[in-house]
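Use these hints to put chain B onto chain A, whose structure you have.
Chains as they are written, first to last, in the working numbering: chain A, 1 to 161; chain B, 1001 to 1365.
Calculated directly from the structure, the hints in this document are not laboratory data. None of the values given here were measured: they were computed from a predicted structure. Treat the hints with care, since some could be wrong.
Each computed EDC-like pair below joins lysine to aspartate or glutamate, with the alpha-carbon atoms no more than 20 Å apart [said to hold, decoys possible]: (1) B:K1148 x A:E141; (2) B:K1269 x B:E1306; (3) A:K145 x B:D1123; (4) A:K150 x B:E1234; (5) B:K1065 x B:E1031; (6) B:K1265 x B:E1306.
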Amino acid sequence: MKAIEDNNGQEQSGWALADRQRWMGILARAACRDLEAFLDQLPDSGGYDFLRLPEIGLSMVRGRAGGTGDPFNLGEMTVTRCSLRLADGTVGHGYIKGRDKRHCELAALFDALLQRDEYRQDLFARLIDPLEKKWLEKRHERSRKAAATKVEFYTMVRGED
Amino acid sequence: MYVAVKGGERAIENAHKFLAEERRGDKDVPELSLDQIREQLSLSISRVMAEGSLYDPDLAALAVKQARGDLIEAIFLLRAYRTTLPRFGFTTAIETSDMSLDRRISATFKDLPGGQVLGPTYDYTHRLLDFALAAEGEEPLQAETADKAVEPETPRVLELLNHEGLIEQAAAGNDQDCEVGDLTREPLDFPAGRDIRLQNLARGDEGFILALGYSTQRGYARNHAFVGEIRVGEVAVEMVPEELGFAIEIGDITITECETVNQFKGSKKVPPQFTRGYGLTLGHNERKTIAMALVDRALRAKELGEEVEAAAQDEEFVLSHSDNIQATGFVEHIKLPHYVDFQSELELVRRLRAEMVVEQKQAAE
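Same shape as in the complex, but just chain A (with noise of 0.2 Å):
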């Protein structure tokens, strides 16, 4: 596992980056309600102070020429971002897509609390893995909608022989 320094000094360890990696893609791509319906079955966890209230600006995203080329500037989009304390010190960020404040504040508590070892293995198993999960079902069953309207060629047999 690799051990992380976090801007506050304090390390981190106990997770993979890649997991952390992972568990931010996930609470980004959630619906806030989801994340706000889990935080009702949470134990108290103790409150956080921000530090850094949420905060909507941009970003501006880059394609690259040809696809696979030298980077431009296409356009932007909107994005929120914010951090939180967690009462231990552990501190929390949230960016996700959009100028949901609300959904950029659960992710941070969740980025958090998913850095804690005693909250770690439950949020897993009943947060992350299962939206996750419904994130791919959806990304899947749209697939599955593209994929039936490929083109399935034939020949025609012209004449005889």
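Below, chain B alone, put in the same frame as chain A:
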């Protein structure tokens, strides 16, 4: 020259009230919700996001509603809104090869790995008005679902040509220390790099880009294009926030991509190979994206040693006139009061006419 014109306050205020009432239309007809606009006018949303150069379907829906469906007005609203927001940074370049595909077609190869996936397209419809839609409460047709999803690894069509060396290679794609031009930060300057050209075209007016693309097909800047590939779908957007120092995905966006295969070129040293044009837009904008690829290819004239003789090849002409917000600002501003300018012109014409009369009199005497 402009002068302060006073006395219009009440007229303006009342005009705005009249506008608000007109925007709402007949109150016996239910009001449109933003959700309805976003879900049912999704191609308007796509155009507003692409040319507003801001991906946010909810804001685009609000803009379309506020603008009474005038998409250029809506684009203007989106452009104005973005100036109120701070920029958090830029994303890692999106990997269009990893797109979750709704649609993927090629006009150059029939049988290709991954196949021809038509997706939700108007192509092959008969363009007959569907009066079933006029009757409200009509249940839409349900999409069919295949047993299997589209192959996750669908190779880029032009890469197939690449293996044989039949097409020019895309530039290396080196991001390290690569300065990427940004029209939202620096004014347009010439000659413009391809990064600036692509950004300009991606946010440029669909009608203008379409007409220019069409002109290349009709023989101005002829470079004989085939659509190598069109892709529509979702890609993950990744950022590296400073406070984290590592990449995270913040969500997915819908994009449209088009690669064209164009007239080949070669020299004594390089055997003939196809050239390419590229189009990429935020949202689902197929017509615009194909036209963009045509114009991108035409604008590469100098780089490819072609003579610049048509409008679509002239980067100063194309890039300076593609932005519909700049264009509408300048074209429409002439309807605003120019009373003093016009007074001075009036006086000039009167004086010239008077002088002419005097001269004619003198000549006659």
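(message) Check the structure against each numbered hint from earlier and tell me which ones fail, lowest number first.
(response) Structure breaks no hint.
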